[in-house]
Amino acid sequence: MNGIIPAPIARQPWAMLIPLFLLVAFGAAVLYSAAGGAMQPYASSHLVRFSVFLLMASIIASLPREFVKFMTYPAYIGVLVLLVAVEVIGRVDGGSQRWLDLGFMVLQPSELMKPVVVITLAYFYSSLPVGLIASWRALIIPGAMIGLPVALVLLQPDLGTSLAIAFGGGVVMLLAGLPIRWFVFGGGAAALAAPLAFFFGLQDYQQRRVLTMFDPEADPLGASYHIIQSKIAIGSGGIFGKGFNNGSQSHLQYLPEPHTDFVFATMAEEWGLIGGLFVLAVFSIILRWGWDVARAAQDRFSSLLAAGMVATIFFYIAVNLLMVMGFAPVVGIPLPFMSHGGSSMLTNMICIGALMMVNSWNRRNPRGGLS
Amino acid sequence: MSGLFNRKGPKRRGPTMNASKLKGEFDRRSVVIGTIQGGVGILLAARMGYLAIAENEKYRLESESNRVNLTLIPPRRGWILDRNGAPLASNRADFRVDVIPERLTDAEATIDQIGSLLDLEADRIADLKQEVTAARGFAPVEIASGLDYEQFAALSVRLPDLQGVVPQRGFSRFYPTASTVGHLIGYVGPASAEEYEEDRSPILITPGYKIGKDGLEKQFEQDLRGTPGARRVEVTAAGRIIRDLETRDDIQGDAVKLTIDGPLQDYAARRIGLESGSVVVMDCLTGDLLCMASMPSFDPNSFSAGIGSLEYSMLREDRRVPLRNKVLQGLYPPGSTVKPMHCMAFLKAGIQPSESIVCGGGRRIGNRFFNCWSNHGVVDMGKAIYQSCDSYFYHFAQQIGFDKVAAMASDLGLGKQYPLPVQSQFYGTVPTPDWKQEKFDRAWAPFDTVNASIGQGYYLTSPLQLAVMSARLATGKRLNPRLVLDGSSNDPASYNFRDDEINYIRQAMSDVVNGPGTAGRGRLPFPDIKMAGKTGTAQVVSLSVSDGRSGPWKYRDHGLFTFFAPLENPRYAGAVVIEHGGGSGAAYPIARDVMTFMFDPAKGLEKLQALERQWGGTAQQRLEKRYAAYASERGASVAPPPARDEDIFDRVEAEARLEAERTQEIGEEFIAPRPNPVASGSPPPTNGPGE
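Chains as they are written, first to last, in the numbering used here: chain A, 2 to 372; chain B, 955 to 1645.
For the record, the hints were derived by calculation from the structure and aren't laboratory data.
Each hint should be verified, as a subset may be incorrect.
Pairwise CB distance ranges (calculated) [as the list claims (entries may be wrong)]:
hint, chain 1, residue 1, chain 2, residue 2, range
1, A, Phe200, B, Ser1155, 26 to 34 Å
2, B, Ala973, A, Leu156, 36 to 44 Å
3, B, Asp1153, A, Asn247, 49 to 57 Å
4, A, Phe279, B, Asp1153, 45 to 53 Å
5, B, Arg1197, A, Ser45, 39 to 47 Å
6, B, Val985, A, Ile6, 39 to 47 Å
7, A, Asn247, B, Gly1183, 26 to 34 Å
Just so you know, even glycine gets a beta-carbon here, dropped at the ideal spot from N, CA and C.
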C-alpha cells in the first residue's frame, strides 16, 4: 500500500473519513428527498458546505501544536467579544439575535464557542501544575471560562447551544482529573437548581417543550405535535422504510423541520430501521476513532482537546436523536453531518479537523517516544 | 463507575498527584464516558427498533390517517313524489356555506365577517351567533344556502383567513308547493347531538348534510337517505389537497311515492284560505289518501334552511297554530257529521227508516226536555239526516242505548289510529258509559246520551277519522287509509251492510246537499256528478258564553263537513274541518270546491283564483307577506326558538292534547244546540294577538 499511494494521502485517517463521506452522502440523499426530490435547495448546498469545511478541516489538521496553543486564548476572547456583539446588536434591533451578518456568510458565534471552549480548557489544564488539580483554581477559572459564554448564549436565548458548551467544557474538566466529588456535588446542586431554572429561567415555549417530553400525547396539536409527528415518521418506516422519496410525513409537511432538526425522522421514514442502524454505526465509528485519537495523544493538551471534541460531537448526536425519538425535549439541535445548516456543519467539521490535527500530532510523535 | 469511585481515597491525599496518575485518571474516565456513550447508542438503537418494529403497525396507521383525508360526499336525498310522480320534495343544486364551531378561532368576528360578505340581515346574524354558541362543537351550523356564484366566490377566496368556514357546492331540499305540504312532508335540518348519539354515522356531521326532522321526511329517513359518496385525497399538514386518490359517487336515496295527489293537496290547502282548518280526501276504492291539507302551515323550504327566531315567534303567536298538523292532531267534536253513521247503527239495531218521531223544537228524554236547534215537526230517518234534526237522535240513541251507537262509531274508525307512517295521530274519544266511569269516575247520565247522539259532549274526532268514517259509510267497506303507494293492493273487507241500507243513507246525505238539506250551496257545478255529505257544527262553549258565530274567535263553533262523490258510485270521500269557522257554512263550500277541482281542475282553479284575489294572494304569498310585516314590526327583539327541533313539535303536540281536553269540558252538561248551525262566521282576523 505504501508504495502505491502517496504518503500524504495514505496518512489520512481513512477508517473514519470513509464512513464520514458515506454519512454525508446519505445525508444529502435524505435532503434531496426532503426537498421533494430535488438537489435544490438543501442537498447541493449540503455537499458544497461539506467540501468547503473538509478543506478547512484539513487545514486545521496541519496546524502545529505550538501555534494552536499560542492562538487559544486570543481565539477564546475573540469569540467572547463576538457573542457580546451579537447581544448588543440584538438589543439595538429590539429582538433576539444569534448571528452576525458578515456579508459573505452568516456567522453564529455561539457555534464557534463550542470547540473553542474545549481547546481553551484543554490548554488551561495542560498548563496547570499537576499538583494544583484538586485546588480551587482548577475549578473556579475553568468554571468562569465556561460560565461566561454559557450565560451570554442563554441570554440570546438559546438553551440547546448553551447546554452544548457546558457539556463540552464539563467533559474536559472531568477528564482533566478534577476530584470526582466535585462533580457529585455539582450534579446535586444542578438537580436542586433545575426546578428553579425551569420555572424562572426558561421561556414559556421552552417550558412547554420540556413538559411535552413527559407527556407527549397531552396536547397533540400544540407543543407535542413535533414529537408525535417525528415518532409517526420513524415508527411508520418499519424495518426497511417506505422507500427513497416516498416519505409522506416529510413530503406532506407533517414533520416539522424535515431537513434540519428532524432529518433523522425523515431518513427513518424512507430507509427504516436499516437506515437508522447505519447512521448509528457511522456515528459510533467516528466517535470511537475520536476516543482512540484522544487516548493515543502523547500530551495532556492534545488528549483533553481530542476528548472534548468527541464529547461535543456526541452531545449533538445524542440530544438530537433522543429528541426525535421522544426521549428529550425539543431543543433545536441539529444532527451532525446530516442536517442542513452551515453553522452546525462548521462546528462539527472544526471538531473533526481538530481530531485529525491531534491524530497527525500523534503520528509525528508517537506515544511513548517522549513523555 | 465503581472504578471511578474507588479512586476517591488516594486522590484526597493531594500531594501524591503526578502526571502519570493524571494520565491514568484520564484513561479510566474516558473509558467510563465512552461506555456511557455506547450505552446511549444502544438505547437509541433499541428505541428505534421498538418504534419501527413493535409499534410499526400503530404508526403506519397514523401516518396513513395523516396523509389521507376522507371527505364524505353527502348523498342526494331521495325525492318524495305524489301519486303521479310529480315531486313534492326534490333537491336543487346549491352553493352553501357552513361553519364548524370548534374550528372557529373567534366565532363572533367570523360570523360578522361572513355576514357582511353575504349581506345577511341583522337578526339572522344574531340567530347564528346564538346557534354557534349552543351547538356541539363538531356539528356544522348552516350559515346560508342558495348563494349565487359571486357570493360563493367572494367567500372562497377569503378562506385562508376564515378558519372553520366550509363553503361548498351541494344540494338543498326543495319543496315546490312550499307551505301547503308543510305538515304532511315535514322538513329537513342538521342532525342534533341526540340524533348523532343514536346513529353515529359520520355522514350526520358532514357539513351541509340534513336529515328529516318532521313528517314523512322523518318517517322515511332511512329510505330517503341514500349512501354517501367518498373522496379520498392526499393532503398536506396545512390541509392543502395534493391529489385525489379515489372518488366514489354517492347513491341517491330511494324515492318515496305517496298516494297524495299533489295538485289536489295544493288546491285544498290554498282553498282553506284565511281560515284555520284541514281537508282530507280519500280514494274510496283503495283507501289512498289523496290530500291531507292542514292550514295555516309553515314553509318547509324556510324551515329546512334553519328555523329563524322571527319566523318561529310569528308562527307561535298565531292562534291558528300553524305548527300543528290539524289533520292528525286536531281533535274536534264531530257534531252532526256523525248522524248518518248513527243512523246506520239504528238500522242495525232494527229501527226502520220510516219510523218517525215528532220534533217539537226538542224532545223529552226521561224526565227532561232537550232542545233541538229548530222545530222540525214529523221526522223520519231521511229528514233527520238532511235537516239534521237533533230530537230524532236523542230519541233513538236513548232507545237502542248509546253503547250500540258507540260500537258502530268505533267500527267505522272513530277513536282509532291507523297504520300510517306519521309522527303522531290522536285517538280522540268515542264516549261510552265505561269510558266515562273510568275517566271521570261518574255514572253515564241521560244527557250524556243526548250530547253524544249528536256528536257533542265528550265526542272527539280528528279530520282523518271523519274522512275514514265517511269513506267506510259510503262504500260499506272497511277501508284503511294509506299514504304510500307501494304497489300493495288494498282489498277491504265488507261490513255486510245491506245495499238498501247503504243506499238509504247515501240518498239522505245527497239530500243534505242536493235536496232540501242543510248544505244547499254545496252542489257541484256538474249536471251529472252529485256530491253527498253531512254538515256539522261543533260547539266549543255553551250557548250562555257565546252564540258561536260572533264574539271572540276562540268561542266560535267549529264548522265540519263530511262528504263523498259521486253519489251513485262513491269514488272519493273526505272531511273538511274549519276551526272556529262559526258553523258548517264555513266548511262545505270548501268541500264543494275541492271536489269540483277533483273532477274539473280548470273550473276549480278559476274559483280559487277569484277567492285568492280577495284574500291577497296564495297561501304561500300571504305567509311571506305576513312574515315581512312581522319582521318590520318586531325587528330582532324576539325570543329564539328552542335549540332542538324536537322540542318545537313536542310542545305543539302537548298543546294540542291540552286543547282537546279543554274541548271535552263542556260535555259535563247538556249542550243546547244553537239555532241555524249551518251559518258561518266571518273569517278570523289574519294576525290577531295570541289568546
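Right, here's what the structure says about each hint:
Evaluation of the 26 to 34 Å hint for phenylalanine 200 (chain A) and serine 1155 (chain B) yields a failure: the beta carbon distance comes to about 48 Å. Look at alanine 973 (chain B) against leucine 156 (chain A): about 39 Å separates their beta carbons, and that is inside 36 to 44 Å. Here the CB-CB span from aspartate 1153 (chain B) to asparagine 247 (chain A) is close to 39 Å, at odds with the stated 49 to 57 Å. For phenylalanine 279 (chain A) and aspartate 1153 (chain B), the Cβ-Cβ distance of about 52 Å falls inside the hinted range of 45 to 53 Å, so the restraint holds.
Between arginine 1197 (chain B) and serine 45 (chain A) the beta carbon distance is about 27 Å. The supplied range of 39 to 47 Å is therefore violated. Remark: the range hint 39 to 47 Å for valine 985 (chain B) to isoleucine 6 (chain A) is contradicted by a beta-carbon distance near 34 Å. Checked against the hint of 26 to 34 Å, the C-beta distance between asparagine 247 (chain A) and glycine 1183 (chain B) comes to roughly 28 Å, which is consistent with it.
Of the numbered hints given earlier, the model fails hints 1, 3, 5, 6; all others are met.
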